[in-house]
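There are 4 protein chains.
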Amino acid sequence: MLATFATFPIGKGESVSSDVARVIKIIRESGISYQLTPMATIIEGEWDDVMDVIKRCHHVLKENSDRVYTTITIDDRKGHDEMMKTKIESLKEKLGEV
Amino acid sequence: MLATFATFPIGKGESVSSDVARVIKIIRESGISYQLTPMATIIEGEWDDVMDVIKRCHHVLKENSDRVYTTITIDDRKGHDEMMKTKIESLKEKLGEV
Amino acid sequence: MLATFATFPIGKGESVSSDVARVIKIIRESGISYQLTPMATIIEGEWDDVMDVIKRCHHVLKENSDRVYTTITIDDRKGHDEMMKTKIESLKEKLGEV
Amino acid sequence: MLATFATFPIGKGESVSSDVARVIKIIRESGISYQLTPMATIIEGEWDDVMDVIKRCHHVLKENSDRVYTTITIDDRKGHDEMMKTKIESLKEKLGEV
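Line by line, the protein sequences give chains A, B, C and D.
The first sequence runs 21 to 118 under our numbering.
The second sequence runs 21 to 118 under our numbering.
The third sequence runs 21 to 118 under our numbering.
The fourth sequence runs 21 to 118 under our numbering.
What the hints contain is simulated information worked out from the structure, not anything from laboratory work.
Treat the hints loosely; a few may be bogus.
[Unchecked claim] For lysine to aspartate or glutamate, the following EDC-like pairs were computed, each having C-alpha atoms within a straight-line distance of at most 20 Å:
id : chain 1 : residue 1 : chain 2 : residue 2
1  : D       : 98        : D       : 109
2  : D       : 75        : C       : 69
3  : A       : 82        : B       : 101
4  : B       : 98        : B       : 68
5  : C       : 75        : D       : 72
Remember, predicted model here, so these are calculated numbers, not experimental data.
Let the sequences and hints guide you as you build the complete structure.
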């Protein structure tokens with residue numbers, strides 16, 4: 021399944037990109053497929069693997085913050101692996117770009 | 021922590037309220053604190069308990085659908101239990117209603 | 021249509037309920053149908069009315085903050101007015117509670 | 021400000037990529053800065069311009085569907101233009117990749 025998530029501390033100052041960097045390190049070291057975007061991180065895998073990564077990201081922020089806000093969106097389609105790649109390809113095909 | 025989530029099948033027809041009813045039954049039987057709203061369900065508990073309930077809700081829909089979409093928002097505040105109750109109360113206080 | 025939204029400043033300190041109170045005042049004075057929940061505010065109306073309220077809420081927070089984060093979810097169903105009331109009723113009916 | 025949004029019909033069948041293609045055409049013709057991701061589209065601009073594009077995308081889907089679901093997340097930071105580019109750059113810098 022494909023999941024997009026964003027996690028950040030509330031109340032620690034306006035710039036949260038150093039926290040984001042800590043989160044990215046966890047994602048990388050997990051070995052899960054991922055894609056950074058300016059608004060959220062997209063990851064792909066089985067439910068438990070995806071949620072384990074998000075849980076660790078959320079809690080690494082909580083070590084240094086009293087309040088953490090996390091949003092997750094899941095698109096889970098039977099028989100569709102590698103949606104991170106195929107969704108954009110299918111779209112380009114429909115737009116006549118392939 | 022407080023979490024709000026919505027889960028629904030895509031492509032099974034416009035009315036999804038019978039699916040929602042199956043989801044609510046899982047939530048009730050879990051014993052977790054919850055509140056229904058017209059747009060999502062709010063639950064409160066520890067990370068693992070919250071995510072276990074959402075996982076089961078997501079997958080009960082997947083039994084009868086090839087595609088399931090789930091959104092989750094988490095507000096996790098240190099030292100704040102029973103936020104489901106206290107957040108509204110704190111708000112009413114500020115509005116001068118208490 | 022039905023919309024749920026949450027808006028808060030990032031980086032102004034952990035407690036944001038006084039900001040939330042300012043937001044609620046705008047919603048009330050707008051006359052739009054609304055329901056407070058511990059995680060978000062639900063409003064119902066036509067697209068332009070809904071978005072006008074959310075825009076004003078977002079910008080009242082920006083007056084005192086350098087960064088504002090807002091999430092909006094819209095459920096727009098043809099021929100369904102008063103979904104704020106009927107969605108919960110339809111659900112209760114399916115759960116055998118009516 | 022930066023906004024990420026996803027809009028799709030509920031109940032029209034599992035594959036919604038042709039609808040997504042119609043949405044992308046609107047975004048392109050609007051001239052607004054955008055980036056496609058496998059889960060959502062990110063756009064950048066002033067509040068009214070951003071919301072005008074999202075409104076038109078939502079309603080082009082409603083022409084052929086009785087129910088449309090749209091999610092929007094806004095990150096609005098004073099004095100920060102071109103966040104679509106700078107957020108990823110700032111991140112890479114912190115990760116020691118620049």
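Outcome of the hint check:
1. D:98 - D:109: Holds: residue 98 of chain D and residue 109 of chain D sit about 18 Å apart, inside 20 Å.
2. D:75 - C:69: Holds, because 12 Å separates the two Cα atoms, which is no more than 20 Å.
3. A:82 - B:101: holds, 16 Å
4. B:98 - B:68: holds, 16 Å
5. C:75 - D:72: Holds, at about 12 Å.
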